[in-house]
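Chemist: Spelled out, the chains give:
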Amino acid sequence: MSMDINWLKYSSPQAFYPLAGRLIPWFACVAVVLMGVGLYMGFFVAPTDFQQGEAYRIIFVHVPAAWMSMFLYVVMAVWAGIGMGLNARLSFMMAQAIAPTGAMFTFLALLTGAMWGKPTWGAWWVWDARLTSELILLFQYAGVMLLRTSIDDVRRADRASAVFALVGVVNVPIIYFSVQWWNTLHQGASVSMATGSKMASTMLTAMLLMTLAFWLYSIAVILARVRCVMIERESLPVWNEKPIVIQETVEAR
Amino acid sequence: MQWGSASEFFAMGGYGLYVWTSFVATALCMGWEVLALWRRRAAARAEQHAALLGGTDETTA
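One line per chain: the protein sequences are W and D, in this order. When we follow numbering that gives the first Met the number 0, the leftmost residue of the first sequence carries the number 0, and every step to the right adds one. When we follow numbering that gives the first Met the number 0, the leftmost residue of the second sequence carries the number 0, and every step to the right adds one.
For reference, chain W alone in the conformation it holds in the complex:
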C-alpha cells in the first residue's frame, strides 16, 4: 500500500509531540462547532419533555459528561495497561494526561445530576447504586492523581497509578449496568444498544452532537496536556524547539 503510515514512528515522544500539536486545533475547532450546533438543537429545536418539562434539557450536558467520565477512565486504564506491558513512556504519559479531564467530567456528571435530581426527585443526592458508583469513580480519579503526586520517582509513580487505575476499571461496568442490576431512583438508559432510543429524534441528535463535541474537546485538551507532560518530564527536550533556539543554545555553550 502506498499510503502506508508507520504508526510505530509516533510512539516516540519526539515524533508524537509535533503531531499532537498539529492535531489540537482541528479537534478544538470541530468541538466548538459541534457544541454550537448541539446547544442550538438542544435549546431551540428539541421539544419540551411531556413528563419533565424543561428540566430535562440538563440531559445535554449531563449524559455526555457521564459518558465521558466512564469512557475516559477505560481509555486511561488501557494506556496504563499498555504502559505496564510494554514499559512505554508515552503510554504512561497519556494515562497521566487523561486523569484530570476524566475527573472533571465525573465531577460535572455528579453536579449536573444533582441539578436534575432536585426538581425531578426532590433531592440533590440519594445513595442509590448509580450515584454512589459514580461518586466512587471520582474518588478513583482522585486516587490515581494523588498517587502520582505523592511518589517522587516518576517510574514508580507511573506504575503505582497504573495498577490503581487498572484495578478500579471494574467499577465502570458497575456504573453502567447499575440501573439494571439494582432498583435505582436514577432512570434507566435513554439510549441502549438493544432497544434503541426512547427519545424524540431531535433530542437524541442534540445529545449525540454534544457527546461528540465533548469527545473531541477531551482529545484536544488531553493532547495539549500530554505535550506539557512531555516538556516537564524530558530534562532537555531540544527536539521540540525552533531551529533558532537550538542554534542559540549551541552558541551559548
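Keep in mind the hints are simulated off the structure, nothing from the lab. Fair warning: this is a prediction, and the values are worked out from it, not measured in the lab. Accuracy of the hints is not assured; some may be wrong.
If you anchor each label on the Cβ, the simulated ranges turn out as follows [said to hold, decoys possible]:
no., chain 1, residue 1, chain 2, residue 2, range
1, D, Phe9, W, Gln179, 30 to 40 Å
2, D, Ala49, W, Trp126, 43 to 53 Å
3, D, Ala42, W, Leu18, 21 to 31 Å
4, W, Leu18, D, Val23, 31 to 41 Å
5, D, Ala35, W, Trp124, 25 to 35 Å
6, D, Phe9, W, Gly187, 27 to 37 Å
7, D, Arg44, W, Thr201, 36 to 46 Å
8, D, Ala49, W, Ile135, 18 to 28 Å
9, D, Val23, W, Gln50, 23 to 33 Å
Covered stretches of chain W (in silico footprint by chain D; criterion: 3 or more residues with CB under 8 Å from a CB of chain D, positions within the stretch not fixed) [what the hints assert, rightly or not]:
no., stretch
10, 43 to 52
11, 219 to 232
Don't be surprised by glycine CBs; every beta carbon is placed ideally from N, CA and C.
Using the hints, position chain D against chain W.
Modeler: Showing chain D alone in chain W's frame:
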C-alpha cells in the same frame, strides 16, 4: 421553537436555576481547564528555555 420571549427562554419553565447552573458550571470547568493548560504550557516552556539557554541548569552544575 417553543420560546415566546427571551425571559421565557431564561426561565426554562421554572427550572431556570437548575438548567443554567448545569450549563454554566460545565462551561466554567471547560474554560478553566483550557486556561490552566495554557498557563501550564507557558510555565513548562519558560522553564525549558531557561534550561536550554544556561541560567539555572542542573545538568552543568
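Chemist: Would you mind marking each hint as holding or not holding in the structure?
Modeler: Okay, the hints, checked on the actual structure:
1. D/Phe9 with W/Gln179: 30 to 40 Å: holds, 37 Å
2. D/Ala49 with W/Trp126: 43 to 53 Å: holds, 51 Å
3. D/Ala42 with W/Leu18: 21 to 31 Å: holds, 23 Å
4. W/Leu18 with D/Val23: 31 to 41 Å: holds, 35 Å
5. D/Ala35 with W/Trp124: 25 to 35 Å: This hint holds: roughly 28 Å between Cβ atoms.
6. D/Phe9 with W/Gly187: 27 to 37 Å: Taking Cβ atoms as reference, D/Phe9 and W/Gly187 lie about 31 Å apart, which means the hint holds.
7. D/Arg44 with W/Thr201: 36 to 46 Å: holds, 45 Å
8. D/Ala49 with W/Ile135: 18 to 28 Å: violated, 42 Å
9. D/Val23 with W/Gln50: 23 to 33 Å: Holds - the Cβ-Cβ distance for D/Val23 and W/Gln50, about 25 Å, lies within 23 to 33 Å.
10. 43 to 52: Contact hint for the stretch 43 to 52 of chain W vs chain D: holds, 5 residues under 8 Å.
11. 219 to 232: holds (count 7)
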